[in-house]
Amino acid sequence: MSKYKMHLLVCGGTGCRASESDLIVENLKKELEEKGLQNEVQVIMTGCFGFCEKGPIVKVMPDNTFYTQVKPEDAPIIVAEHVIKGRKVARLLYTDPTKKEHVSDSKHMGFYRKQIRIALRNCGFINPENIDEYIARDGYMALGKALQEMTPEQVIDLIKKSGLRGRGGAGFPTGLKWEIASKNKADQKYVVCNADEGDPGAFMDRSVLEGDPHSVLEAMAICGYSIGATKGLIYIRAEYPLAIKRLQVALTQAREYGVLGKDIFGTGFDFDIEMRYGAGAFVCGEETALIHSMEGQRGEPTNKPPFPAESGFLGKPSNVNNVETFANVPVIMLKGAEWFSSIGTEKSKGTKVFALAGKINNVGLIEVPMGTTLREVIFEIGGGIKNGKKFKAVQTGGPSGGCLTEKHLDLPIDYDNLVAAGSMMGSGGMIVMDEDDCMVSIAKFFLEFTVEESCGKCSPCRIGNKRLHELLDHITKGKGTMEDLERLKNMSLVIKDTALCGLGQTSPNPVLSTMNNFWDEYVAHVVDKRCPAGQCRDLMQYSINAEKCVGCTACARACPVGAITGERKEPHSINTATCIKCGACFEKCKFNAVVIS
Amino acid sequence: METVKLTIDNKQIEVQRGTTILKAAREMGIDIPTLCYMELHDLNIENKPGGCRICVVEVQGRRNLVPACITKCEEGMVVRTHNPRVLNARRIVMEFILSDHPKDCLTCAKSGHCDLQNMAVRLGIRDIPNQDISAMSTYRLDTSPSIIRDLDKCIMCRRCEMMCNEVQTVGALSAFKRGFMAAVAPAFEQNLEHSPCTYCGQCVAVCPTGALTEVDNTPQVLRALADPSKTVVVQTAPAVRAALGEEFGMAPGTLVTGKMVAALKALGFDYVFDTDFAADLTIMEEGTELLGRVGKFLKGDKDVKLPILTSCCPGWVNFFEHNYPELKDVPSTAKSPQQMFGAIAKSYFAEKINIKREDMVVVSVMPCLAKKYESQREEFSVNGNPDVDFSISTRELAAFIKQANIDFNNLSDEEFDRPLGESTGAAVIFGNTGGVIEAAVRTAYEIYTGKKLEKVEYEQLRGMEGVRSATIDFNGLPLNIGIAHGLSNARKLLDDVKAGKSNFHAIEVMACPGGCIGGGGQPLHHGDSSILKARAKAIYEEDVNKPIRKSHENPYIKQLYEEFLGEPNSEKAHHLLHTHYFDKKKKIIVKQ
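Which chain is which? The protein sequence lines are A and B, in order.
Per numbering that gives the first Met the number 0, the first sequence starts with residue 0, numbered consecutively.
Per numbering that gives the first Met the number 0, the second sequence starts with residue 0, numbered consecutively.
Quick caveat, the hints were computed from the structure, so don't treat them as lab data.
Don't be surprised by glycine CBs; every beta carbon is placed ideally from N, CA and C.
Fair warning: there could be bad hints in the mix.
[Unchecked claim] Chain B residues, not near chain A, derived (Cβ > 10 Å throughout):
id	residue
1	98
2	99
3	107
4	113
5	544
[Unchecked claim] Rough simulated footprint, nothing fancy, chain B against chain A, three-plus residues with beta-carbon under 8 Å:
id	stretch
6	483 to 495
7	504 to 518
The task is simple: from the sequences and hints, build the whole structure.
Structure follows, in structure tokens:
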């Protein structure tokens, strides 16, 4: 075994790969070979570092230099300058936006300072396609401990004491879930991993599976031991080909090493895992729909009770957990329940991975302890609002969640606080909005998604969501009335109250939450026929300021519908009835005479 | 049995553990409205997807409203079935359903019998808001020989899917697409004609809206009646007389044979005959066939096909041709009574009254929708002229009688015409599951043993269980009889036949649960299976009241053989009264 004096860790998450990070790896390897350094410097493709805004990322160990926005062409200079001469390549270093100085170690960056990476502990450190690297970081030690030193009841007790709650969105206590499944008697039980991750903009689970797949496999085996299941199933969405590949490699290696399969560690415990693939349905992230999809049936949810722990896959007791929930299990087993429960808040222990997106400077993946405030996440870790705009709201929980506003910025993030504030944790998607975002349009946007993804089984979701969407569209076109707002609210409450599954029960949340927090905006749309954020096209009026107009006719010639009239050198005017609000005149005018209001 | 105590609408009740809130409430006389839920208790059929959300009730302590049809009672539960929260929710949900439903009640075939319409009335819906901006899910109309699919009216209750897949195991219908456009249709949205559909019509029998209805053939019948050059002959199936009265407000199980005949005469049919006559004829032919095969078997013939399967049910014949075409020469070659009647009417009877075949129009009144399809099968015609021109269902006849403003309830009983109107008790029991084989046994026994049957009732062949079996002692020869109704049960018996494991000598199959009395063309039961039981009882009553109860004793049948056919299975009988089957296994061809 060679001893490397230096490691170059290149981010191999889907985001960075889309920017050719695999080529960076190739080029670095080529450079090192040319210089004869291939036995001294190792190049490793790792999982996601999380700082997606600044990717592709290359990290140099052992000096912890964090290079950002690296290109494949940069490989020679990294080798020549940093590897050989020990000189950091300044132009690839991260520049702190306020202090305007280079920061070379990530632990000093605003993005990373407050993060505690537990679920993501190995992402960015190991090659996910090499089981030895997982083992080197205590991989499969937790499974060994469980099988050789603990009883199933003790394992469940540990998970219960840790306070771990489901990271898929609902936040059900994981230990309790395992306990219920363990108590149901059957000749066969199953452990199911929900890797469907349907929330748009969410990529927490994807990153865990791409960057540290073994953590999930190990956790599933531990779960199987504790509840009495010998079979595991991973239901992963087909849109994650890289994660699927990494899981398949991990499964093969785990079986080779005997940490999955028959008689693990010679303890007589059998456990193996199969993969199942989704086919593009958000609703199949709901546990009963997921199970029916795996059974080969139409992916529709069924009423609960009975819950999967009682009657799940093929009617047998099944424990369904999210990827991130599982990712926490091995480290809890090794470091203990006290350690885990010392992080976070009273009722929400540990950390949560969030996918930051929207009008924020530092778009990416973060993991923070529960209890971190929204202000810290958005303004410190997230680096504040893009282009210096004003913060308006942050949507948490995707299409099932609600928006939080300025008055919630100092809210410590945890399951119960978010629900009390009218939103929910969800899977961890956080979409930041600024003053230019119209909240009515945002609600409509989320409804578009849920209307598309509804399975169609129950009337409130199949038809009700469609009607909500139509009404929102009506309002954004300036045709709504105050009665429509009342109806919107009543329909939303009834849909929440009567829908069969979580999709329908939460799809009106964006509507209710935005109406609650931005009522004035809704009223402006229906009473004043005005969109305060300036986003709803049909509510915008284009006009020409006669004082600024010189009559050059450029706008009239650009107008595709002939809505502008006027003589040469005379002020022009726009016929608002004919105007389709395309903005061509606005773009063309060199005198700022076209006014949008 | 463990019980739980709970409170519904402030009243305490104690029920068996596992009882749903809906059933517990019904025990207390509280009728929670339901739409997609359907239970045919006596047939062990239940549809409860819990999808319509009309039956939602409030359970104290639960965050959301729950569907009463699915939610099981728990100790100490406090349920409210009609507080303002529940009433508001039900109304809004109903408004949603109606907002995506065509507003053509005035001309819809289901108007007056529609579960959705009835629910809208019951819930007091007066307005459907925002109709001007509401999109509707619309689809292509599909017309087959028997069934019309109008998916615009589908409310995703899943009853048809359940009947077709679980009760019938035909698999012609399943849910497709998702969300707003989701509905239930054949695979790849094909027409029914290109699907494995057997036209049994059980989907039509349970559809709560006008999404699935029967093809209406009364206009063609009316045109024939109006044509002075045509002699219009009508035949009525046994199951019709036990159900037609329900359409006129009579209790289920009221026999209306005499009124039915009177109504048909009043409508202007030239001859009102009885399919039961042809049922007696079927017994002659099929009974002879059965004994023939058994005889050969007893003599040691290894190639003879046993069990013999009945073939009077066209839904069953379709199912057979789709799923077991390799067993084509196993069923009886006898045609169904409807078709035998048509063949005899347009030959024997046409001759008797001296008219040309083309100038006779044969109409059948059937409890069945597959009969429409059957009458159009090419092999049941001569030079393009069908043996049976039109088949109308019990429901269509009732509508026809009403259109003609005939006061059905006050009609005096009249008798069938002769010679094709006389029948025995054996014929009338064809309407029930087990009836065909019981009729066959009555005749086969006497022919085989040469002894007289003192007691003609065979209770061991009767009942509502899906698969039944009995061994009848034919004077020392034990004849093993199998009976199935509902095609899933037929499948069970046929799988044994296919595997060579069947011990039966004869199997009777009816596609519809309950037999023909539960046919797809009968008055709608709206989920009340006691109606089916009442009809079955009426059929057995009619049998008891008949002077002659064995098919071979029917004097007009004897006359038919003497004057025309010769003897059962003669060449002429074979030509007119027997048929063969086809391989109809469906292949899906995907065109590039």
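So, going through the hints one by one against the coordinates:
1. Interface exclusion of residue 98 of chain B from chain A breaks down, the closest Cβ pair being 6 Å apart, not more than 10 Å.
2. The beta carbon of residue 99 of chain B is not kept farther than 10 Å from every beta carbon of chain A, the shortest such distance being approximately 5 Å.
3. No beta-carbon of chain A comes within 10 Å of the beta-carbon of residue 107 of chain B; the shortest separation is about 20 Å.
4. With a least beta-carbon separation of about 17 Å from chain A, residue 113 of chain B lies farther than 10 Å from that chain, consistent with its non-interface assignment.
5. Every C-beta of chain A lies more than 10 Å from that of residue 544 of chain B, the closest at about 49 Å, which supports listing it as non-interface.
6. Under a criterion of three residues with beta carbons nearer than 8 Å to beta carbons of chain B, the stated coverage of the stretch 483 to 495 of chain A is upheld, 6 such residues being counted.
7. A count of 1 residues in the stretch 504 to 518 of chain A with a Cβ less than 8 Å from any Cβ of chain B is obtained; the coverage claim is therefore unmet, three being the minimum.
The structure is inconsistent with the numbered hints 1, 2, 7, although it conforms to all the rest.
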